[in-house]
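Could you build all of it, start to finish, from the sequences and the hints given here?
Protein chains in written order, with numbering that gives the first Met the number 0: chain A, 0 to 362; chain B, 0 to 442.
It is worth saying that the hints were derived from the structure and are not from the lab. Wrong hints could be hidden among the right ones.
[What the hints assert, rightly or not] Chain A regions said to be covered by chain B (calculated; three or more residues, Cβ under 8 Å):
1) 138 to 145
2) 179 to 187
3) 247 to 259
4) 325 to 331
[Claimed, not checked] No farther apart than 25 Å at their CA atoms in a straight line, the calculated lysine to any residue pairs in the SDA-like style are these:
5) A:Lys280 <-> B:Asp17
6) A:Lys136 <-> B:His322
7) B:Lys276 <-> A:His171
The C-beta atom is built at its ideal place from N, Cα and C for all residues, glycine as well.
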Amino acid sequence: METTTTAVRRGGRGAPPRPRRGGAGGPAPAPRADVDRGARPVAGAAPAPPLTALSQKHLLGIQGLSAEEITLILDTARSMAEIGTRQIKKVPALRGKTIVNFFMEPSTRTRSSFEIAEKRLSADTLNFTPSSSSVSKGESLLDTARNLEAMASDMIVIRHRASGSPHFLARHCRSNIINAGDGTHEHPTQALLDAYTIRERKGRIADLRVTIVGDLMHSRVLRSNLFLLGTMGADVQVCGPPTLVPCGLADLGATVHTRIEPALEGADVIMMLRIQRERQKGGAFPSAREYFNLYGLTRERVALARSDAIIMHPGPMNRGVEIDSAVADGPGSVILEQVANGVSVRMAVLYLLAGGTLGELAP
Amino acid sequence: MNWLLKGGRVVDPATGRDGLFDIVVADGRIAAVRPAAPRRGKAAARPAVPKGTRVVDVTGLVVMPGLVDMHVHLRDPGQEHKETIDTGTRAAAAGGFTTVACMPNTEPRNDGLAVTEYIVGEARRRGVVNVVAIGCVSKGGRGEELAEIGDMVRAGAVAVSDDGAPVATAYLMRMALEYTRIFDIPVIDHCEDRSLSAGGVMNEGPTSTALGLKGIPQAAESVAVARDLAIAGLTGGRLHLAHISTRASLDEVRRARAAGVRVTCEATPHHLVLTEKAVAESQYDPNTKMNPPLRSEDDRQALLAGLGDGTIDAIASDHAPHHEDEKLQEYDDAPFGIVGLETAVPLAMDRLVRPGIIDLSRMAELMSLNPARILGLNKGTLAPGADADITVIDPGLEMTVDPARFQSRSRNTPFAGWRLKGWPILTIVGGRAVHDLTPAARR
Numbered sequence: 000m001e002t003t004t005t006a007v008r009r010g011g012r013g014a015p016p017r018p019r020r021g022g023a024g025g026p027a028p029a030p031r032a033d034v035d036r037g038a039r040p041v042a043g044a045a046p047a048p049p050l051t052a053l054s055q056k057h058l059l060g061i062q063g064l065s066a067e068e069i070t071l072i073l074d075t076a077r078s079m080a081e082i083g084t085r086q087i088k089k090v091p092a093l094r095g096k097t098i099v100n101f102f103m104e105p106s107t108r109t110r111s112s113f114e115i116a117e118k119r120l121s122a123d124t125l126n127f128t129p130s131s132s133s134v135s136k137g138e139s140l141l142d143t144a145r146n147l148e149a150m151a152s153d154m155i156v157i158r159h160r161a162s163g164s165p166h167f168l169a170r171h172c173r174s175n176i177i178n179a180g181d182g183t184h185e186h187p188t189q190a191l192l193d194a195y196t197i198r199e200r201k202g203r204i205a206d207l208r209v210t211i212v213g214d215l216m217h218s219r220v221l222r223s224n225l226f227l228l229g230t231m232g233a234d235v236q237v238c239g240p241p242t243l244v245p246c247g248l249a250d251l252g253a254t255v256h257t258r259i260e261p262a263l264e265g266a267d268v269i270m271m272l273r274i275q276r277e278r279q280k281g282g283a284f285p286s287a288r289e290y291f292n293l294y295g296l297t298r299e300r301v302a303l304a305r306s307d308a309i310i311m312h313p314g315p316m317n318r319g320v321e322i323d324s325a326v327a328d329g330p331g332s333v334i335l336e337q338v339a340n341g342v343s344v345r346m347a348v349l350y351l352l353a354g355g356t357l358g359e360l361a362p
Numbered sequence: 000m001n002w003l004l005k006g007g008r009v010v011d012p013a014t015g016r017d018g019l020f021d022i023v024v025a026d027g028r029i030a031a032v033r034p035a036a037p038r039r040g041k042a043a044a045r046p047a048v049p050k051g052t053r054v055v056d057v058t059g060l061v062v063m064p065g066l067v068d069m070h071v072h073l074r075d076p077g078q079e080h081k082e083t084i085d086t087g088t089r090a091a092a093a094g095g096f097t098t099v100a101c102m103p104n105t106e107p108r109n110d111g112l113a114v115t116e117y118i119v120g121e122a123r124r125r126g127v128v129n130v131v132a133i134g135c136v137s138k139g140g141r142g143e144e145l146a147e148i149g150d151m152v153r154a155g156a157v158a159v160s161d162d163g164a165p166v167a168t169a170y171l172m173r174m175a176l177e178y179t180r181i182f183d184i185p186v187i188d189h190c191e192d193r194s195l196s197a198g199g200v201m202n203e204g205p206t207s208t209a210l211g212l213k214g215i216p217q218a219a220e221s222v223a224v225a226r227d228l229a230i231a232g233l234t235g236g237r238l239h240l241a242h243i244s245t246r247a248s249l250d251e252v253r254r255a256r257a258a259g260v261r262v263t264c265e266a267t268p269h270h271l272v273l274t275e276k277a278v279a280e281s282q283y284d285p286n287t288k289m290n291p292p293l294r295s296e297d298d299r300q301a302l303l304a305g306l307g308d309g310t311i312d313a314i315a316s317d318h319a320p321h322h323e324d325e326k327l328q329e330y331d332d333a334p335f336g337i338v339g340l341e342t343a344v345p346l347a348m349d350r351l352v353r354p355g356i357i358d359l360s361r362m363a364e365l366m367s368l369n370p371a372r373i374l375g376l377n378k379g380t381l382a383p384g385a386d387a388d389i390t391v392i393d394p395g396l397e398m399t400v401d402p403a404r405f406q407s408r409s410r411n412t413p414f415a416g417w418r419l420k421g422w423p424i425l426t427i428v429g430g431r432a433v434h435d436l437t438p439a440a441r442r
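Structure, rendered in structure tokens:
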């Protein structure tokens, strides 16, 4: 069990292995982190070597990542996915490193996904939530983070209600900071796992028509996806009630619709965003019932998209509000694949970010 | 102390002077302003000077009537960890200001005789520049019923405002604008419709959308401006609009003025120099967070035009000190506001005068004469007989903004590290030097 080629694809997985199409060209970086970190492709071996390492210390957002860097993360994730198919789903790439999962907002998927990713890379992990901590005693975010660092954390994965809080920590902390969702700003690993899922299914991202529907105003998933899909050359259509369309969204490279039908026409990918019921209290729409009538994804509406369109949702879903169960569980839905891919993508991010600072510690 | 300021460029819009003059100060007043003598030997000049006079050669420097900042938060009483009347007036002196108007959102609020008397008394005991008080419009600043404005005026208040918050209702604004006619003082309003701005932390636009920060639309200001102007027209009261930040607000002011409404308005250096882009470029630095927020480039251009065409009457710093710990938070949680007393003059010199947006005479109007007139102060001029409040600026002095050297107790500025040309080097209040970087002082 040392290399990709000897890996056994386990039968329990739903989808059969797909032919590889979406790579960056050239061989993907070999995963083999279990053997030797030197297994990363040798820089300078080719005349124009593909990017093999991230120059960033932090992952604060998709904005600022180049297409090459995004491709590197997706290629690395593809290699990481293989580890998940093994009997022993673990490699020592981050052995001896401590990663703090600093989640100041509730999360099931993202936190579990990071934790599994960290464990597969053999990092020591610490889960940190506000209710069980000194945050509930009024300690500031920065003091809490510095205290965690004093216990020798190497990376901090942060989710926080305030936009820009990962940037704030990055300014004042030594650790690598990974944004796991900041306010209504970005959720970069979600956009990366979405991109990974699209690429696995469609073989590419460029020139696909991606339609995103829902609460555009408050969605960090939307923003990260807009930046990523724009950078990768997709045609992004967005749709939501005008009360939930933020000012200047078109300036970020999306075509904005207020009715769902034209937005779905010809879509290769349909991405639904969660509608938070609190927004109704804020007056953005009169009732969940009316929202579903106007914007809910039904089978009839899916028929407006391309016949091979895939349906995505970052979760948690509100069945019967933004998406009909018949669609969520129907053909074309890749919602659980997204979740599975999340682990591989997060392994790739952790691995690449650690590359610069943990390199000399590798066996 | 008596002074002879020799050979400076005296800019005094109240008297129309802009040229080379000598200024003689005696007994705390301007004794004489006379054309600068052609430079001869020192021996020729000396006999004219009485004993005990400090002679300063200010050739090449600009001499203005002492600057007046009509919008300052001194935080005293109640928030002395941010600023005190002592440190705040030192900051004013270092920034070239000889008079500051102290906003009433202290703790307790300045909504009656006792706090006004404290501020005025404390300023007399410990302040190094002139301090005038602005009282609350409403009791406790709660926006419900009028505060005892007459008491505060008797104790020295020169205007009323619920600053920090808008005057809560149109009805209260009507009462305030009518009631203050007794005293002929302005009602100063912070124009913001809070139902539109609620939860917002920066200007609403593509930048706030990209940063995922809740926006405050321009209309939150202009809606409130329009309300106030309509009521000022109704009542004939004197309205002053604080820190105007949008094009639409200025358009409203122009229309109302043309219709005869008594209205004046101010803009801050930061709204004249920075835009919302600073929030993105600084990666969420809370020192770019203030209310009203930094606006769009279009708004900034409108403000610059408003300086030139006279729509804007005053430049005021909205000096809003906050402790480092308060600003060292998530952007959403950090308080609004930045310090401004010690950067206002170099920003005006470097970013407004140097590029020719305004000339020195207009700067003196905006930063001295007009705010003095709006507040009804006998200040803002270098005419003989006036109080000897004088600001001397070295237009060639280039320095870097270094918050560590601020006199203010707080350091919350977005201008740290900016290299600016044109700094105040001598501030005289009532004939006494309160800030002095002249070579003579160093000797």
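Going through the numbered hints above, which ones does this structure break? Give me the numbers in ascending order.
4 and 5
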